[in-house]
Every structure is written in structure tokens, then in C-alpha cells.
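Trainee: Note that full-length UniProt numbering numbers the sequence shown so that position 101 is 101, with each residue one more than the last.
Don't take every hint at face value.
What the hints assert, rightly or not - Keeping only pairs whose Cα atoms sit at most 30 Å apart, straight-line, the calculated BS3-like set for lysine-lysine is:
no.: 1; residue 1: Lys285; residue 2: Lys136
no.: 2; residue 1: Lys391; residue 2: Lys475
no.: 3; residue 1: Lys493; residue 2: Lys285
no.: 4; residue 1: Lys507; residue 2: Lys410
It should be emphasised that the hints constitute simulated quantities derived from the structure, not laboratory data. Note that the coordinates shown come from a computational prediction; the quantities given were computed from them, not determined experimentally.
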Amino acid sequence: MVKWSAATEKKYRVTVKPLRLEGILTSPSPSSQMVVLKVKWDGPKSAGGVLGRGFSIMMRSSQPSNYSTHKFLRRRRSSTDCDENAGENEVEEESAATEVEWDGEEFESVCSFGTASSSGTSFSPWDVTFSVLCGKEAEFRNTKLTTAGSISFNIAELLGSRTTIDSHIISLPISLHIHGATRSQAILVVSVSFAEVRNGDKAPHQQTMPLPSAKDQVAKQPAPSDSAATSCPTQQKKRRLSFGLSWKTRHQPNPSPPSPPPPAHSADGNWEVKKELISRDGGAKLANASVFLASFDQRSEKAAGESACAAVVAVIANWLHTNPRSIPTRPQLDGLIAEGSSEWRKLCHDESHRSSFPDNHFDLDTVLANLRRPLTLSPDDSFTGIFSPEKFHNLSGATSFDEVWSHVSKGGKVSGQREDEVAVVYIVSWNDHFFLLKVESDAYYIIDSLGERLYEGCDRAYVLKFDESAVLYEKAAAAAAATEEVEEEERWKVVCEGKECCGEYMKRFLAAVTVGELEEEEQKGEDQVSTLSLLRRLQIDFHFCCLSVSGDSNLSSVVESPTNSSIFSGDEVQFSE
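Go ahead and model the full structure; you've got the sequences and the hints to work with.
Mentor: Printed below as a string of C-alpha cells:
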């Protein structure tokens with residue numbers, strides 16, 4: 001049995017923010033049904049055997065401490081839900097998918113985490129239980145509430161052995177049974193942040209009076225607010241954008257003296273200068289590139305977006321265009337990944353897409369057509385190329401990556417706007433994955449929601465910056481063949497310096513292994529590797545994206561992908577993925 005040491009305990013002010021509850025199945029007319037979220041804190045047993053309980057304070061709300069405001073359930077809107085008169089001919093289903101959103105509500109508690117006496121690195125468990133209470137509007141006035149479902153989560157798992165204080169976005173599966181509908185597997189999305197309480201910090205005032213009962217608390221609640229306000233596209237778009245950008249780490253009430261200002265584009269000071277990154281084939285090394293990591297990537301349980309890369313990059317690209325001179329901070333990047341993953345899950349629940357995308361790996365056109373954001377693609381400024389086409393007979397004459405990069409490096413322009421008013425952003429598609437490339441006059445930024453693309457075993461999304469300090473090396477041929485020890489400076493030779501290392505990075509870190517495997521495959525067999533197979537693994541697309549000129553939030557223009565145009569000079573045959 002693990003023994004927890006009270007002498008080495010640490011105190012944290014923990015803030016829990018409910019964000020949304022999605023995927024609820026209710027009766028066909030859910031408008032009269034309402035929900036309340038109850039939060040309960042359960043800490044470890046003390047030496048006397050008494051279970052520790054956190055004191056919960058509701059912030060920025062007049063509601064009692066352990067309960068959220070009550071919200072009307074609303075049907076999840078599709079792209080046509082807000083069309084004029086759309087509801088007149090709507091056919092009701094047996095069970096309707098609904099969701100709830102909370103805005104600005106927080107639960108806060110000071111929790112004491114004991115550490116394991118053997119190591120001092122793992123923390124004693126602290127469970128937070130979320131219970132969804134539901135009832136009809138008339139029943140709320142008489143406080144007839146029923147528990148539709150509950151889920152517990154050990155927040156100590158978020159601390160681990162780290163001492164940094166981050167904001168975590170967590171997606172919790174919760175089984176709900178609301179009267180009149182079948183049981184559903186919903187998702188509760190919450191934000192959890194920690195601020196360490198040191199000596200001299202004041203904990204929230206802890207009342208000695210007993211907490212009011214659930215009946216008393218609900219009876220005191222004001223008239224219900226309708227989270228399903230019938231806002232049409234513009235208003236709904238603003239609401240979605242706001243929650244994606246408002247997650248911030250809370251600071252201690254008595255901050256230490258101000259530190260020097262962080263560098264440009266700093267993620268709250270989290271930029272790191274990596275000593276080196278080695279390519280997977282060992283043939284290249286990147287030095288002095290700045291990088292910062294998100295708290296998780298799209299595949300984590302917190303995001304629950306296994307194949308959400310297309311939706312995530314679209315959400316981040318929209319943010320980059322609305323903040324053209326900025327790079328998202330770590331909390332903002334966490335929020336954008338969670339938001340994009342949520343949009344992906346909505347597409348997964350849409351029956352109309354299942355036949356075309358049984359693996360739920362949606363293409364970019366489908367994502368943009370369903371996102372309510374003014375993001376569009378420009379085919380005239382988009383490019384398609386091939387990694388190392390000269391090495392394969394079937395790709396003779398194809399546009400190479402180097403040719404495409406010469407155009408990309410010049411950056412795109414939007415007529416009528418200054419360069420500092422718009423962001424130059426490409427959604428890059430390669431090897432069944434999407435990531436982002438942001439082009440600036442003095443730097444390139446790669447933003448990727450899949451940590452594994454940075455290095456093997458990485459499970460956090462990242463931003464990789466290439467500026468004047470970056471240096472890319474390749475292993476010298478003599479060093480590769482030598483059997484005796486070679487001096488480090490003789491083992492590597494400089495290939496590129498400065499921001500243009502970004503292009504070499506894509507060739508040597510992303511594509512080198514794939515190119516080598518295909519070369520071996522072609523050399524072993526009598527038959528050449530098929531053109532289609534080569535294109536699927538070596539073709540890279542740079543989709544230039546921008547905000548719609550009309551600014552219509554209803555429309556996400558679906559344009560011809562560059563993959564649909566010929567990549568062979570003078571060849572009328574079209575190849576696609």
C-alpha cells in the first residue's frame with residue numbers, strides 16, 4: 001500500500017470550468033428539459049481516517065457553490081439549422097442529439113496533495129465527481145431533480161511529477177439516461193487548472209456554516225437562462241470562437257516580482273531552444289530551432305480526436321487569420337485542439353458522412369463545408385509537389401517539392417491589404433495527415449496537432465519555429481562510412497542556415513524514410529511501384545487559406561483541391577489521392 005506523506009504535501013488552488021456537455025439523447029422536443037451540473041470534491045483519507053473534502057467556491061456566478069446554473073437543452077445545430085424557416089418542415093426523430101454550453105462558470109477549491117513517501121513524486125488521489133441532474137422546467141420549480149449520470153476523475157493524474165502549472169482540457173465520457181430517451185454516451189468537456197499555494201498566499205475563505213442542501217440551492221436559483229438562444233450563424237460563430245480562445249491559466253493572487261518580458265510570439269514564456277533534433281533515419285540534425293509543446297495532442301483522452309487533424313487545422317487556421325500577428329499560447333493551443341476535436345466528433349455523429357468516410361478521416365473539403373467559419377481556400381495560390389520525383393521512373397517530369405517550395409517561400413498576398421494585416425497560412429497535406437505552415441518575413445512556423453511527427457514517443461502537439469538561428473546539418477559521407485571515432489564537427493556538415501531550414505526539414509525529417517522505403521521497394525521487384533502508390537506517399541499539397549472576402553460566416557468555400565490538378569508538365573492525365 002502506498003503511504004502518503006502529509007509532511008511533504010503541496011497545496012494547489014484548483015479551478016474547474018465546465019465548458020460543454022455534448023452528445024445527449026433526449027426526447028424529440030427537449031426545449032422544456034433542463035440540466036444542472038453538480039461538482040463534488042473528494043480528497044484522500046487523513047491519518048485519522050477522515051475523508052478530505054475540498055471546499056468549492058463558485059466564481060463569476062451568483063449560483064450556490066456546488067451547482068452550476070441550470071440550462072435548457074438544445075438540439076445540436078447542423079449547417080442548415082439556422083436557415084430561415086428551416087424548422088417548419090423538420091421531421092422529428094425518436095431521440096434528438098442535444099448539447100449544453102456553460103460560459104464563464106468556475107468551481108474552485110484548495111486541495112492538499114500528499115506525496116508518496118518512497119519517491120515524493122506522485123500525488124495522493126483527489127477525485128472530482130461531476131453529476132448531471134435533469135428535469136423539466138416545471139419540475140425545477142418544485143426541485144424534482146433526478147441524476148441522469150455521474151463521472152469521477154482523479155485530478156492528481158494531471159499533476160504527475162511536474163511542477164509547472166498548466167490548463168488542461170479534458171473530455172470525460174459520461175453515460176446519461178434522461179427521461180423519455182434511450183441511454184446515451186455523452187461527452188463532458190471541462191478545463192482544469194492549478195495554481196500552487198505557497199506560504200503567504202491566502203486560501204479562499206472557508207465558511208464554517210454547513211452547506212445548503214440541494215433542494216435549498218436549486219430553489220434559490222433565478223429564472224433559467226436559455227443556453228439554446230436562437231442565434232443564427234453570426235452570433236453562434238462568435239460564441240464558438242470565444243470559448244476556444246478564453247482558456248487561460250489562473251495566476252496566484254500574490255504574484256512574484258515581474259519577470260523580463262518573454263520573446264516575440266512567446267507561449268507564456270514556454271519557448272524552448274532544442275539542442276538538437278535528429279531525423280528518424282539518422283541522416284540529418286536540426287539545431288537551434290525554437291519549439292513549444294501543447295499540454296496534449298489530438299489523440300489524447302483530453303481531446304478525444306483520434307483522426308481530427310483536418311478539423312483541428314481548420315480551427316487553428318481560422319484563429320491565425322483572426323490574429324494575424326500572433327501565435328497561439330499553450331492554453332490557447334490546447335483550447336483550439338479541443339475545439340477542433342469536438343467539431344470532428346460532430347462530423348462522426350453525422351450519418352450522411354459515414355458511407356464516404358467509414359474511418360472518420362474526413363477530407364479538407366468536407367470539414368470546411370461543415371465548419372461555420374469564413375475560411376476558404378485559394379486554388380490559384382495553392383501548390384502540389386512530389387518529394388524526390390527524379391528517383392522514380394513513373395514520376396519523371398512531375399513538379400518537385402523544391403519547385404513548390406520556391407513559390408511557398410515567397411508567401412501569398414491578399415489584394416487590398418497590407419502584409420502586416422493578413423496572415424500567410426498554408427494547410428499542408430502529406431501522407432494522410434494535415435498540419436499548418438505559417439509564413440512570415442523572418443520566420444516559418446510549423447503547427448502540428450500530432451506530437452509523433454516531431455519525434456517518436458511525443459504525445460503533445462507542437463509549434464516549431466524556424467528563424468535566423470536555425471541550422472540544419474547532414475551526416476558527412478565519410479563519417480557515415482568510418483568505423484573509427486570521428487570528431488563531432490567532422491561528423492556533420494551544414495546544409496542550410498536560417499529560416500529556409502524549414503524546407504530542408506520537410507525533406508529530410510518528414511519524407512526521407514518514406515522515399516528510402518519506396519526506393520528499396522522499386523529496386524527489389526521487377527515491376528515498378530505504381531504511380532498511384534507513389535503519389536499517395538510522396539505527394540505534398542500546400543493549400544493556401546484565407547478568410548472569405550464576403551465575411552459570411554455561413555459559407556466555407558469548397559474549392560478544387562490542388563491534388564485534383566496535374567502535377568506533370570504538359571500532361572493532361574490527372575492523378576489524385
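Trainee: With reference to the structure, classify each hint as holding or not holding.
Mentor: Now for the hints, and whether the structure bears them out:
| no. | hint | result |
| --- | --- | --- |
| 1 | Lys285 to Lys136 | violated, 62 Å |
| 2 | Lys391 to Lys475 | holds, 21 Å |
| 3 | Lys493 to Lys285 | holds, 10 Å |
| 4 | Lys507 to Lys410 | holds, 18 Å |
Violated hints amount to a single one, hint 1; each of the other numbered hints is respected by the structure.
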